[in-house]
Amino acid sequence: MSKIIAIAKKELAAYFKSPIAYIVLIVTISIFNIFFFLIIDENREASLRDVFKVMEFLFIFIIPLLTMKIFAEEKSGGTMEFLMTTPTTNTAIVLGKYLGSLMFFTLIVGMTLSYYFILELFGQPERLTVLSGYLGIWLEGAFFIAIGMMTSSWTKNQIIAAISSYVILFLLYFSVTFIKYFSGTLEFLIRYMGTSMHMENFAVGMIATVDLVYYLSGIFICIMLTRLSVENRLWR
Amino acid sequence: MIITQNITKYFGGFCALKDVSFTIGKGEIVGFLGQNGAGKTTLMRILTSYLPVTSGEVLIDGKNVARDSLIVRKKIGYLPETPPLYLNMTVKAYLLFAAQLKDIHPSQQGLQVDKVLEECNLNDVQDKNIGVLSKGYKQRVGIAQAIIDDPEVLILDEPTSGLDPVQIIQVRNLIKSLEHKRTVILSTHILSEIQQIAQRVLIIKSGEIIVDRNLKDLLIEKGENLEDIFLKLHAGGENK
Numbered sequence: 177m178s179k180i181i182a183i184a185k186k187e188l189a190a191y192f193k194s195p196i197a198y199i200v201l202i203v204t205i206s207i208f209n210i211f212f213f214l215i216i217d218e219n220r221e222a223s224l225r226d227v228f229k230v231m232e233f234l235f236i237f238i239i240p241l242l243t244m245k246i247f248a249e250e251k252s253g254g255t256m257e258f259l260m261t262t263p264t265t266n267t268a269i270v271l272g273k274y275l276g277s278l279m280f281f282t283l284i285v286g287m288t289l290s291y292y293f294i295l296e297l298f299g300q301p302e303r304l305t306v307l308s309g310y311l312g313i314w315l316e317g318a319f320f321i322a323i324g325m326m327t328s329s330w331t332k333n334q335i336i337a338a339i340s341s342y343v344i345l346f347l348l349y350f351s352v353t354f355i356k357y358f359s360g361t362l363e364f365l366i367r368y369m370g371t372s373m374h375m376e377n378f379a380v381g382m383i384a385t386v387d388l389v390y391y392l393s394g395i396f397i398c399i400m401l402t403r404l405s406v407e408n409r410l411w412r
Numbered sequence: 012m013i014i015t016q017n018i019t020k021y022f023g024g025f026c027a028l029k030d031v032s033f034t035i036g037k038g039e040i041v042g043f044l045g046q047n048g049a050g051k052t053t054l055m056r057i058l059t060s061y062l063p064v065t066s067g068e069v070l071i072d073g074k075n076v077a078r079d080s081l082i083v084r085k086k087i088g089y090l091p092e093t094p095p096l097y098l099n100m101t102v103k104a105y106l107l108f109a110a111q112l113k114d115i116h117p118s119q120q121g122l123q124v125d126k127v128l129e130e131c132n133l134n135d136v137q138d139k140n141i142g143v144l145s146k147g148y149k150q151r152v153g154i155a156q157a158i159i160d161d162p163e164v165l166i167l168d169e170p171t172s173g174l175d176p177v178q179i180i181q182v183r184n185l186i187k188s189l190e191h192k193r194t195v196i197l198s199t200h201i202l203s204e205i206q207q208i209a210q211r212v213l214i215i216k217s218g219e220i221i222v223d224r225n226l227k228d229l230l231i232e233k234g235e236n237l238e239d240i241f242l243k244l245h246a247g248g249e250n251k
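Residue numbers (the working numbering), protein chains in the order written: chain A, 177 to 412; chain B, 12 to 251.
These are computed hints drawn from the structure, not numbers from a lab.
Treat the numbers as computed from the prediction; the structure is a model and nothing was measured.
Even glycine gets a Cβ: it sits at the ideal position worked out from N, Cα and C.
Incorrect hints may appear among the rest.
Computed cross-link-like contacts, SDA-like style, restricted to lysine to any residue with a CA-CA straight-line distance of at most 20 Å [said to hold, decoys possible]:
| no. | chain 1 | residue 1 | chain 2 | residue 2 |
| --- | --- | --- | --- | --- |
| 1 | B | K149 | A | G253 |
| 2 | B | K139 | A | K251 |
| 3 | B | K85 | A | E407 |
| 4 | A | K251 | B | Y61 |
| 5 | A | K251 | B | M100 |
| 6 | B | K85 | A | K193 |
| 7 | A | K179 | B | I115 |
| 8 | B | K149 | A | E257 |
| 9 | A | K193 | B | V136 |
| 10 | B | K74 | B | K85 |
| 11 | B | K85 | A | M177 |
| 12 | B | K146 | A | G254 |
| 13 | A | K193 | B | D114 |
| 14 | A | K332 | A | I196 |
| 15 | A | K185 | B | K74 |
| 16 | A | K185 | B | D138 |
| 17 | B | K149 | A | M177 |
| 18 | A | K179 | B | E190 |
| 19 | A | K179 | B | Q111 |
| 20 | A | K332 | B | K139 |
| 21 | A | K179 | B | D114 |
| 22 | B | K74 | A | T265 |
Only part of the chain B face toward chain A is listed, based on derived beta-carbon distances under 8 Å [said to hold, decoys possible]:
| no. | residue |
| --- | --- |
| 23 | R78 |
| 24 | L81 |
| 25 | T93 |
Go ahead and model the full structure; you've got the sequences and the hints to work with.
Here it is in structure tokens:
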């Protein structure tokens with residue numbers, strides 16, 4: 177456990193030593209702020225439902241930028257050899273790196289909590305609905321990070337890692353758009369695999385087991401695949 | 012301390028190591044010699060458990076490097092050919108991170124970091140980012156992480172690469188001081204370095220060990236310096 181924390185701390189600190197983290201933080205929060213005020217001004221209701229939709233959409237573009245370096249940078253810089261020749265298990269390496277990125281993402285989400293307090297000041301938002309929405313957006317981001325980390329473990333090229341993430345995230349997000357062309361099991365499968373339906377439930381205050389299972393199993397599978405990828409790279 | 016039995020390593024169809032066997036005793040300093048691409052780095056990566064063998068077996072202190080990888084890694088300090096450094100970390104933070112990953116007790120981590128900073132003459136740059144350091148300093152940080160947990164086996168891939176003459180002498184002295192206490196394997200292109208540091212030499216050519224001898228015995232037998240022996244072996248293909 178102490179090694180997972182050591183790796184997570186190193187990972188988190190690395191974000192703040194690179195300009196990309198600050199750029200992502202500033203740009204993301206600025207865009208969120210603009211949309212928050214536009215949506216509130218337009219809807220005139222004390223709800224963050226539409227704000228969560230915007231956040232979900234933007235995270236598809238932002239998260240691969242944060243995750244592309246997780247393993248690709250270690251491989252290209254030769255530090256993977258250092259990590260993997262210390263008495264540290266592959267699981268600890270993967271979990272530490274995941275935790276570090278998740279902490280940075282949590283910070284981004286945490287900075288948007290001010291929206292809730294603003295709503296509290298000027299209206300009467302449904303607390304549980306807002307909390308459920310935040311849980312949903314956090315779980316979705318955690319899933320996207322797991323996907324980004326997995327693609328980063330496939331290559332030493334950060335651009336390829338980011339593009340691979342975009343392909344997977346676009347498929348998950350936009351696949352529902354083409355649902356009308358499918359029927360039967362395939363339709364059900366596409367609807368279940370798509371992220372938007374699950375996030376929508378959280379955004380309206382509905383915490384369903386099926387949605388929790390979707391995100392948690394997605395995260396678990398991606399972490400397992402990342403571990404496998406790290407090991408396969410070793411044993412090729 | 013180290014036993015390799017008939018190890019062969021293929022990368023796809025390319026045979027990087029062919030039926031390599033040797034034994035290295037505790038406290039020995041052994042030099043790996045060979046041209047670029049001969050298989051030295053592959054062999055070192057196998058000993059550290061970073062790469063698996065295609066066939067054969069490697070035992071370090073009686074433990075199989077594939078099956079008991081974590082136990083073996085606790086016994087090894089490794090400096091790869093390119094020092095594995097996080098350029099955006101300070102020297103001290105990096106060494107502390109290495110100490111945490113190498114199972115040094117939390118109460119001892121700071122002490123061990125201070126000790127290697129002293130040993131590798133890194134005190135002046137301990138708070139600097141590794142990225143701004145010269146190549147020589149980076150190499151010393153790489154050595155510092157390799158020795159931070161006082162490993163029983165030290166594997167150094169070209170440890171003096173990029174160092175200035177004074178630093179080369181310091182690193183050589185550091186390695187020499189480990190004689191009889193630690194098992195050291197080093198590879199280098201500087202033949203005189205092997206002659207000054209190592210007790211024994213393994214010359215690798217195209218993935219095969221063509222010479223495995225005590226260095227003094229080899230020099231006396233051939234009546235030549237190591238450079239001439241090495242050149243002749245690579246020109247003529249003399250066998251073990």
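Each hint, compared with the structure:
1. K149/B to G253/A: Holds, at about 13 Å.
2. K139/B to K251/A: 24 Å, violated
3. K85/B to E407/A: 19 Å, holds
4. K251/A to Y61/B: 13 Å, holds
5. K251/A to M100/B: Distance ~17 Å between K251/A and M100/B Cα, so the pair holds.
6. K85/B to K193/A: Distance ~30 Å between K85/B and K193/A Cα, so the pair is violated.
7. K179/A to I115/B: 11 Å, holds
8. K149/B to E257/A: Cα-Cα ~16 Å, so holds.
9. K193/A to V136/B: 18 Å, holds
10. K74/B to K85/B: Holds. K74/B to K85/B sits at ~11 Å (cutoff 20 Å).
11. K85/B to M177/A: 17 Å, holds
12. K146/B to G254/A: Answer holds: K146/B to G254/A is near 15 Å, not above 20 Å.
13. K193/A to D114/B: 26 Å, violated
14. K332/A to I196/A: 18 Å, holds
15. K185/A to K74/B: 32 Å, violated
16. K185/A to D138/B: 18 Å, holds
17. K149/B to M177/A: 29 Å, violated
18. K179/A to E190/B: Since the Cα atoms of K179/A and E190/B sit roughly 32 Å apart, the hinted pair is violated (cutoff 20 Å).
19. K179/A to Q111/B: 7 Å, holds
20. K332/A to K139/B: 27 Å, violated
21. K179/A to D114/B: Cα-Cα ~9 Å, so holds.
22. K74/B to T265/A: 17 Å, holds
23. R78: 13 Å, violated
24. L81: With Cβ-Cβ at 5 Å, under 8 Å, it holds.
25. T93: With Cβ-Cβ at 5 Å, under 8 Å, it holds.
Against the hints set out earlier in the document, violations occur for numbers 2, 6, 13, 15, 17, 18, 20, 23.
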